[in-house]
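Enquirer: What follows is each chain in one-letter form.
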Amino acid sequence: MQRTTCVFWLAVLIASAMPSNDSKAQSLAAITNGRQRVAAKPDSQALIGVLNKLEAKFNVSFNYDNDLLEHVKVAFDDSKMQSTPLNQLLEELLESAGLRFERTNGQHVIIMKKQPAKDVPGNANAKPVEKKISAQQPVRGRITDEDGEPLEGVSILHKQSGAAAKTAADGSFVLVLAERSGLLSVSFLGYVSQEVAVPASGDLSIRMVPDVTALTEVVVTGYVKEQKKDIIGSVSIVKTENLLAIPSGNLKTQLQGNAAGVTVSSSGAPGSGGKVRIRGFGSFGGSDPLYIIDGVPASQSGVDNLNANDIESMQVLKDAASAAIYGARAANGVIIITTKNGKPGKAKLSFNSYYGVNFISKSDFPEVLDAQENGELYWKSMIGAGRQVGDPDWGHPQYGNGANPVIPEYVLVVNNGARIGGAELEALKQGNPSQQALFASLVNPENYDFATHQIVRAANTNWADEVFNPAAIQTYQLGLSGGGEAGSYAIGLNYFNEGNTASKYNTFDRYTLRANTQFNLGKRVRVGENLQLAYRRNDASSIWASTVMTMHPLVPVWDDFGNPAGNAAPSTGGEPEFSTNPVTQAWRNRFDTSNRIGVLGNVYAEAELMKGLTVYSSFGVDYANSRNLDLNQVTYEHAQNTNPPNSLQESRNNENTWTWTNTANFSRTWDKHVFKALVGSEAINTYGNSLSATRLNLPIDDDKDFLVISAGTGAQTNSGSFSRSSLYSLFGRLDYTFDDKYFINGTLRRDQSSKFGRNYRTGYFPSAAVGWRVSSEPFMADIGWLDDLKLRGSWGVIGNQNGLDNNNQYDVYVTSDPNSYGISGDNGNRVVAMVPSRIGNPNTRWEKSATVNLGFDATVLNSSLDINFDWYVRRTTDLLAVNQAPFTGPSITQPSINVGELTNRGVDLGLTKRSKPGVFQYSASLIFSTYRNEVVRILDNPLATLAGGSTRMGNAVLTQAGYPISSFYGYQIDGFFNSAAEAEAYAAEYSTWLTPEVGRWRIKDINGDKRVDGNDRTMIGSPHPDFQTSLNLSLAYKNFDFNCFLFWNQGGSVFNYTRYVIDFHTFTTNRSKRMLYESWTPELGNKAKLPKLDLNDSYSSSNITDYFLEDASYLRMKTVQLGYTLPKAWSDRIGMERFRIYVQGQNLLTLSKSTLMDPGYVQASGGDTSMGVVNNYVPTPKQFIFGLSVNL
Amino acid sequence: MKRTTLYAIIGAFAFGSMGCQDDFLSQKPVGAYSIANVATRAGIQQALIGAYSQLNGTRDWAAYGMNTPGMAMAEMMGGNAHKGSTLTDQAWMNFMVRYEVNTNSAGTNFRYLYNAVFLCNTVLTVLPQVTELSTEEAAKIEAEARFLRGHYYFLLKRWYKHIPWIESTTEFRVPNTDESGNYVNIWPQIQADFEFARKNLPQTQSDLGRPNKWAAEAYYAKVLIYRASEGDLPNGFNEALQVLDDVMANGVTSKGEKYQLEENFHYNFDVTRENGPESVFAVQHSANDGTNSIDNGNQEIRGASGKNPQSPGWGRGSGFYTPSQWFVDHFRVDGGGLPYLDMYETNPNSVKNDDGLRSSDPFEPETAPLDPRLDWSVGRRGIPFLDFGINPGADWVYTPIESGPYIQKKGHIRNDQDGIYVMPGQAYNALNVNIIRYADVILYAAEMEARVGSLEKAREYVNKIRSRMAQNPESPDHWVQNIDGTGPAANYRIGLYPAGHPAFANQDAALRTILFERNLELGLEGGHRFFDLIRFGLDEELLNEYIQHESPKRSIIEGAVYSRMPDMILPIPQTVIDNSMVDGVPTLKQNPGY
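Going down the list, the sequences are from chains A and B. Counting in our numbering, the first sequence runs from 1 upward without gaps. Counting in our numbering, the second sequence runs from 1 upward without gaps.
Treat the hints with care, as some may be off.
[Said to hold, decoys possible] Heads up, simulated SDA-like pairs for lysine to any residue below, C-alpha to C-alpha not over 20 Å straight-line:
hint : chain 1 : residue 1 : chain 2 : residue 2
1    : B       : Lys589    : A       : Thr762
2    : A       : Lys429    : A       : Gly402
3    : A       : Lys1010   : B       : Gln574
4    : B       : Lys28     : A       : Thr762
[What the hints assert, rightly or not] Okay, the calculated beta carbon distance ranges per label pair:
hint : chain 1 : residue 1 : chain 2 : residue 2 : range
5    : A       : Asp974    : B       : Pro592    : 44 to 54 Å
6    : B       : Pro552    : A       : Glu989    : 51 to 61 Å
7    : B       : Glu100    : A       : Pro1082   : 25 to 35 Å
8    : B       : Glu100    : A       : Asp974    : 14 to 24 Å
9    : B       : Asn238    : A       : Ser692    : 27 to 37 Å
10   : A       : Gly757    : B       : Pro592    : 39 to 49 Å
11   : A       : Arg652    : B       : Asp23     : 53 to 63 Å
12   : B       : Pro476    : A       : Gly417    : 49 to 59 Å
13   : B       : Asp23     : A       : Tyr764    : 41 to 51 Å
14   : A       : Asn1086   : B       : Ser551    : 55 to 65 Å
15   : B       : Pro592    : A       : Asp370    : 46 to 56 Å
16   : A       : Lys1153   : B       : Asn544    : 45 to 55 Å
Everything labelled a hint here was simulated from the structure, so no lab data went into it. We put the CB at the ideal spot given by N, CA and C, even for glycine.
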């Protein structure tokens, strides 16, 4: 079908649904309406039915004894409701039935039997004498939550008579009883049910206590809401307050340690998201979980824009049984986020804010050499290379050629291109008179010109000190919510701002606006919307945090004349990668900006068609528009400069996804049997485009008002792209529960994706789960300490298409400038080529992941301890991997093909222990996650490997069958040659790339062939932790509260690439203390860390060895927070519901063996087959925070 | 809202969203072409451009100088140049220049060249589907594509020897052995490609970058010579000589200009005189050509430029690929202007150099006679370098300790051409690099005469090459001049081999003389040296001499031994073999000795 026809049909169908437009629909409506009209005789209406109508119309609630009214029929004309006041209507209605009414609070109407005239209220002098009258006793009361806030909708049941009532929005209720005796049962979802004796006189005031076991808590799982106690899949429920306790501009980093089975790794760059993985790594092409926000699948940027203050609840669906309803995209788990909506009751206004400071403490600075030590290291290395004072190659362009290194006065004079180093200047300074005159003219400030005649003095710069500065972090959150019979609303406005400790020019700002509303159209229909607008801005985000370790201490940050200094000084660096001045380069990038506007939300309608059957339709949009501006200034101060002209690049990117979901939900209870069914359809369409333009030569580049493409005068280039994909799905789910004891459910989803060829477009994803509440069995009744125990088991298959290119199935040719050629022979012309750019594979299928999950949920010891345990095996087959073309084939983009298998097996454990309510309360939660990842097979080739983790020594990371994904691969070091005899003996027996010499490493001959070569490389470590665990401890005493959050990552390795530069004679950068003090000497022997200092030893660092690996374990005290809440009486006096202030220290303590500034970045670095090679990143800062929280 | 209305709306939604699945799920790529777009008159030409574009070589550091037309790596391995830069940058090169090559390479060169073959094969596969072309047009396109494919295979063959012949654009796992396990030999296929090209290419081409019939003839002869040198073609030298004679008698450039030597040796390296009468087949470089990138510039010279903004290359490079003393010493001549063919036996004195001196230290350049081609090939202290002024020595060298005192000259353009023949701020210049120039043809002819014909003719040809810079009355004008106009910058002298000179006394001597002359003429411009040494069977002798003489100066080659790298070829990188699996068995067999 053509698209236009398709849209036309849709329009017709929608139009036909409008009553006035289509004769067929209209006549149908007429018939049904007519039938109703015929049936509506004036005297035939049930009184209860009429009262229901009045309830809706006048926004009141009636309380009555059901038996009294059940069979009463009345004559009533509905049209009278429009004009007649309620009291008059009621009088007319009730008169005939021998009833009367009483209005309380204006909202409650009690209906009772008519009394003798003398008792009729309204007689000013005659108060009802309740005690003496045995019939129709109204009992009034008010029910609040633990904070004294009124609770609406609480059920009150008089156990003896069956009389029932519900509380109004102000928490009040009235119950009419025959006599004031017996017990009232008070119950409300999420609170402990209570039984209260009916007082002989007076009103009741009942305070509800939250049900801390929260088994009745309702959570959103795939397309449905479930009570927590009924969940038989594996679902982690994240507490919103735990997220908010982490001061961060990104939800993903707030998630770390807060959900069992979820591992998060991130850097300390403001606003950055990090890598979230659920139960290990299930794919090669990106194992990001699927995020669903208010039912709408959200892109990564949609999630990054989310403000944790807006989150009502967050669930992580981990096993296949819970996630399979999301089918094709759920293989790496699903994170379901529901944002806040208003609750009935009066409007609530809240204000939350904190202000704090981020900093890196000096104790975390890298241990590198100062200027003098750097020279000493060089001298020792020259001696190690066999050089002697006076040899032609003795000396250093800065430190001279004497017996000892001497720090020169100047490190550099640039004299029209010639770069004169410090030692040479020093020689001139102390030379004959003409040399001294030359020196004087070279360093004469009169001659200074930044571009052609730099004059740079020697320094002793502590680069970490220069780079790291405290930076502010702050947020302001304003929330308003409320609701009533007609609907509810929640509005949130937030501003978040964070500076970067590694650059004072970098700031991250985020503004979010959230507006959620819901309208009740009658009792059965609800429509609403959830909307988030976000604006993020990240200015000057180019950071060179890694060069704080490698910048030469002789180089100052700025020269004497205020211009940037750099590694142009001879032998003070070289490669930009290792010796870019981190302070001045951040300054040069100060005008760079990147901002993004995001809109995420949906509109929905929900209708209860009949009892138990609800249909729901939602249309959601995830839209983002970003703009990046990147200025490249000309530099003169580096060994490798950015040459003229300067250039400006502006790029814009649009991404848009719409999702249309339709579901029908049915649930019915027969006796002990509960059936639930769900069917649904979903269409998702994603498209995006980008446009980028570059202009050379901007005459003014130090004023941001001139940074537009049109302000340039040089050559311009542009590029653009468009991408699109779509997904169409049908799904269903069946649940059956017997006696709240036996649970079974099954789901099936059929997905069709545009990313696959026609024949492989459709995938089916089934799952099944069973649950058994053992604690409800009679034989368990005697076990007093066990409150609840549910065993769970599930199996399911889910799919993945992450990382699959939209065009995977197509052979694509492109016109290509990089493949152009000056065929005419003209030096200034080329002809553009048309070349294959990717090979398509129409036979690629879904990647499938099958999970078996066994677990239990237990509540024990008087509901004070919760235990959630899961064991799983997750096996990914038909693994999508980018085909590895043989080297005899083209190097163009290869398609993903289904060749491979990997498994993750592991355990998730959650423990929560809490005290009873009281003056002193505590709660301690332990979360423990561990997984074992193993690649079973890739590319149907036992030797096939996916290489990653590119370094100057080659790839450090390999993915190969039999090992965890992304393992480190290289040579093993087997100690040192401590004597010439050892070296000679080795040399006689082995041949090796690292020539045996005293003080050098001995490389292990893994395969025993007496030759150390490429075949002796082996797996030397993995970036995966043995386990991650966290402990969240909360204490409350009177008005004080205390929170402490510990996070522990145990095991795994990190490849510290910085060692390549600071531990060896590679580039002429700064070096580590360990290189100077712990390199091999006869005294140190095998206790040494590094080979003997030797300027000629370029071989020790020429290959990947296990020397570069560090233990990535760390224990971090993430949060300590102390809060104080004003006593209620005081806050009432200043007109506030609640007033709390707190102080917090974040990341104050980290215990780690790693020499990296932040060991928490291991997995976030690189793609999933390229993890753990860490070099350039911003460490997670320490933070001091002061915050307050006000509710009005 | 009426309930029925609601039903109708929901029904419409549900039905509507199911109705357009097929269209909804069909999302073809945007802004990309299919093979139908290639199979047109314009498309096939554009695809052919793609095959040409690979001539430029890769910018990937992991294959520096291995497939660029300048073949820097072969120059380094042939003893003409040092790695330069720093000891630790691109450490893989250390193993190459020490002849300690292991199988542990990234395979970048292998992949690059086979991708180039693939682009040629794409043209050849699609060509029959293009219906708009006449037979002649189709034959010309096929001939160009096969010429290029022959060239890429030639490069592969020289480096790796035992490689598979692949013609398909879909099946790439082809063994390099036959059924009985013996290595395949693809020389016949390479020869057949050039055979087709020489039969089907036109005499002239309007695009000067396209090879004409005569370029194909010359390359065909080169293939015959390499084959015959390996003993693979019994009558190869004879056949080659016939072809070369034809080229010398009748050959014209793509412009239609008769082949001849440029009057000045340096014109071959002047960006304003490209595609002249001496250019047989050249890789066309361009700059400021509309790409707004450096993609079509000289990749190799970027690596060879230094870091001083006043120096050639304007300091925009990494200081690799610096001439060796051994190479410079080839240019020492006796009083008659003839070289010391025995290198140091009769004249132990190296050309005077400023190794280890700073630019501020006093230095007087060599006064002994030198072949004038030296100072058009190598930048050395005290001699004017194009319009950059007098070479100050160490100030222009990236790392004097690693690089020695010299810098490249053949690849650099003039200072006043910055921004014109090189993109502003970049080092990748537009200067073409010849794959074959006419001097090469004449020297091949000399060699063939020496091998199968007349030593006297061989002497004539060598003298023809030498006479351009020697006997011409204007020749001093063609030498490097002092800036102040006071005449030649050094004591240049170049003479011809007189009849009866011992250098041509017998075949062995003549071949050695020709090999020497090839280096004087062609050194540092195409990697000829390394492969010539192997062809002549003199690699072991001369390269060890080189190491012995040069290693005291450059510690990087200290202790190295050239022991005829197994079979004189590189190993097939292990990763290439690992990736050639079919049913768990590799289709490629490692080269012998690795």
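Enquirer: Could you run down the list of hints and mark each one as holding or not?
Expert: Against the structure, the hints:
1. Lys589(B) / Thr762(A): Since the Cα atoms of Lys589(B) and Thr762(A) sit roughly 42 Å apart, the hinted pair is violated (cutoff 20 Å).
2. Lys429(A) / Gly402(A): OK: Lys429(A) and Gly402(A) at ~15 Å, within 20 Å.
3. Lys1010(A) / Gln574(B): Holds, at roughly 19 Å.
4. Lys28(B) / Thr762(A): Holds, because 17 Å separates the two Cα atoms, which is no more than 20 Å.
5. Asp974(A) / Pro592(B): 44 to 54 Å: Violated - the Cβ-Cβ distance for Asp974(A) and Pro592(B), about 31 Å, lies outside 44 to 54 Å.
6. Pro552(B) / Glu989(A): 51 to 61 Å: Cβ of Pro552(B) to Cβ of Glu989(A): about 30 Å, so the range 51 to 61 Å is violated.
7. Glu100(B) / Pro1082(A): 25 to 35 Å: At roughly 29 Å between Cβ atoms, Pro1082(A) and Glu100(B) fall inside 25 to 35 Å, so the hint holds.
8. Glu100(B) / Asp974(A): 14 to 24 Å: holds, 22 Å
9. Asn238(B) / Ser692(A): 27 to 37 Å: violated, 59 Å
10. Gly757(A) / Pro592(B): 39 to 49 Å: holds, 44 Å
11. Arg652(A) / Asp23(B): 53 to 63 Å: With Cβ atoms ~29 Å apart, the hint is violated.
12. Pro476(B) / Gly417(A): 49 to 59 Å: Once the Cβ atoms are compared, 31 Å apart, the range 49 to 59 Å for Gly417(A) and Pro476(B) is violated.
13. Asp23(B) / Tyr764(A): 41 to 51 Å: violated, 22 Å
14. Asn1086(A) / Ser551(B): 55 to 65 Å: At 33 Å between Cβs, range violated.
15. Pro592(B) / Asp370(A): 46 to 56 Å: holds, 54 Å
16. Lys1153(A) / Asn544(B): 45 to 55 Å: The hinted range 45 to 55 Å holds for Lys1153(A) and Asn544(B), with Cβ atoms some 50 Å apart.
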